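Undergrad: Residues per chain are reported as follows:
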Amino acid sequence: MDMLEAEATEELGNEKVQATFKTQRLINLHSNETVKKKTLDFRVTHRFGSVGLYKAHDLFGMDNVNDIRISFDYGITDYLQVGIARSKRQELIDGSFKFRPFTQTTNNKVPVSIVLLGQVGFTPQKDPDSLYLKTAHRFNYTYQLIIARKFGPRISLEIAPTLTHRNIIRRYVNPENGAEEQNTMFALGAGGRFKITQRTAILIDYFYVFSKYRQNNTTTPFYNPLGIGVEIETGGHVFHLVATNAAGIVAGNYLPYNNESWRGLGIKAGFNISRVFNVGKR
Amino acid sequence: MKTILAILSFSMVTFSISAQDLYAVTESEIQFYSDSPLEKIEAINKKTKSFFKISTKTLMFVIPVISFKFEKPLMEEHFNENYLETEKFPTAKFSGTINEELDYTKNGTYDASATGKLTIHGVEQERSINGTITVKDSQLIFEGKFQIKLKDHDIDIPSIVVKNIAEVVDVTAKLVYEPKK
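Residue numbers (the numbering used here), protein chains in the order written: chain Y, 122 to 403; chain S, 31 to 211.
Next comes chain Y alone, as it looks inside the complex:
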């Protein structure tokens, strides 16, 4: 019977790995998770003001708001989701999809999960400087490839090559190296989740932006976004309490326009709240 047990155990083990991350986003970075079929993920994301700007006078940023984003993401299948959202920054309205063609399996035949993310942003904001001469100028795009792996119950890591494109930019020049601002920018994101207890985890994510214009730019300094957070799961909700130097919440905002650093106390407190609803029978 022992042999049979071994045989039975052998035959099991090819299931899709669950919960690489608890929710579809880390801090600034998207995770490999998609919203499951017929469920709706309602999220409120908030970034307060910079800690070091007014210091105690705005309670270290608590009286100010850098960005607020309210989003709805719906799972068409377990591997495809679509979403709409609205952010305070640029009054950006965005539509997105996330598609996961590969999911890591327990027997490691598929060692990583792979996700494609596409996001289109549209800004309806007023235009006193006449930047948006055509409607097309109001659009920006983000494409991301997310490669993630769960290394056991406690550790999950991912990397995310990212491309952002803005239909219109001001073609400023970096006086230090003569490099021009570009419409299309490439960035490499990386992030991880480290579980501390059954329901809490530490999150970290970082983007390296490949832009010569942004290197050592003395007139307009640029910094790579770094986020650190704590994740608390209560059963129905997932809360993130975060600290990041990124002012915007969507990649189209925080990758090109990130002018504050951790060292200069450009840190912002923030939170993400995610609540998943079931929509109809599966």
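Treat the hints with caution; some may be incorrect.
As the list claims (entries may be wrong) - No more than 27 Å apart at the CA atoms, straight line, and that leaves these computed lysine-lysine pairs for DSS-like: (1) Y:K157 - S:K99; (2) S:K99 - Y:K137; (3) S:K102 - S:K123; (4) S:K70 - Y:K402; (5) S:K123 - S:K211; (6) S:K175 - S:K76; (7) Y:K230 - S:K99; (8) Y:K157 - S:K76.
Claimed, not checked - Chain Y side only, calculated, beta carbon under 8 Å to chain S, not exhaustive: (9) L125; (10) E126; (11) K157; (12) T160; (13) T227; (14) G273; (15) Q319; (16) T355; (17) V397; (18) N399.
No lab work stands behind these hints, which were simulated from the structure alone.
These figures come from a predicted structure and were not determined experimentally.
All C-beta atoms, glycine included, are put in the ideal place defined by N, C-alpha and C.
Fit chain S to the known structure of chain Y by using the hints.
TA: Frame of chain Y, contents of chain S only:
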């Protein structure tokens, strides 16, 4: 010639007996049901592996915990991540013996019970499970119903969801066996 025939027929008889001694599961359905004031939770698992050996009356099954399917995906995730800790304890097991002497060659439904060790969430418990065994030609159908106390298996329910999850979970199992080839 006669002796050869005798040997041949004898060997065939023994062969057929040995072939029918060991049974393996072809279809399985293990369901559990948790009924609490706030929420009804149901899950079904169709991926159980099981063997039954008539001569020794031994019964063994291995259940891949991750293969329990829930109506709500979030429940399934919590079940695996927070309660059963599937990555640490990927399987639930039962290994025991059938207590009754039954005639597995005669069609019919018999009351039966199995005693043995039930391992869930890495915690072993001595259990007796009552049910029926149906003999239907070459098939054996085992059906049983029993309860699991989550505390017995060190499955912690945090106070915040204590009203959503029952302390005692009802389990029904139906397993169809055929002679193992």
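Undergrad: Evaluate each hint against the coordinates.
TA: Now the hints, each set against the structure:
1. Y:K157 - S:K99: holds (13 Å)
2. S:K99 - Y:K137: holds (12 Å)
3. S:K102 - S:K123: Judged against 27 Å, a Cα distance of about 25 Å means the pair holds.
4. S:K70 - Y:K402: holds (15 Å)
5. S:K123 - S:K211: Between K123 of chain S and K211 of chain S the Cα gap is close to 23 Å, so the pair holds against 27 Å.
6. S:K175 - S:K76: This hinted pair holds, its Cα atoms lying about 16 Å apart.
7. Y:K230 - S:K99: Within the cut-off at roughly 22 Å; holds.
8. Y:K157 - S:K76: Cα-Cα ~21 Å, so holds.
9. L125: Hint holds; L125 of chain Y Cβ to chain S Cβ min 5 Å, cut 8 Å.
10. E126: holds (6 Å)
11. K157: holds (4 Å)
12. T160: Holds: closest Cβ of chain S sits about 6 Å from T160 of chain Y, inside 8 Å.
13. T227: holds (7 Å)
14. G273: Holds - the Cβ of G273 of chain Y comes within 8 Å of chain S, reaching about 6 Å at its closest.
15. Q319: holds (5 Å)
16. T355: Status holds, d = 6 Å.
17. V397: holds (5 Å)
18. N399: holds (5 Å)
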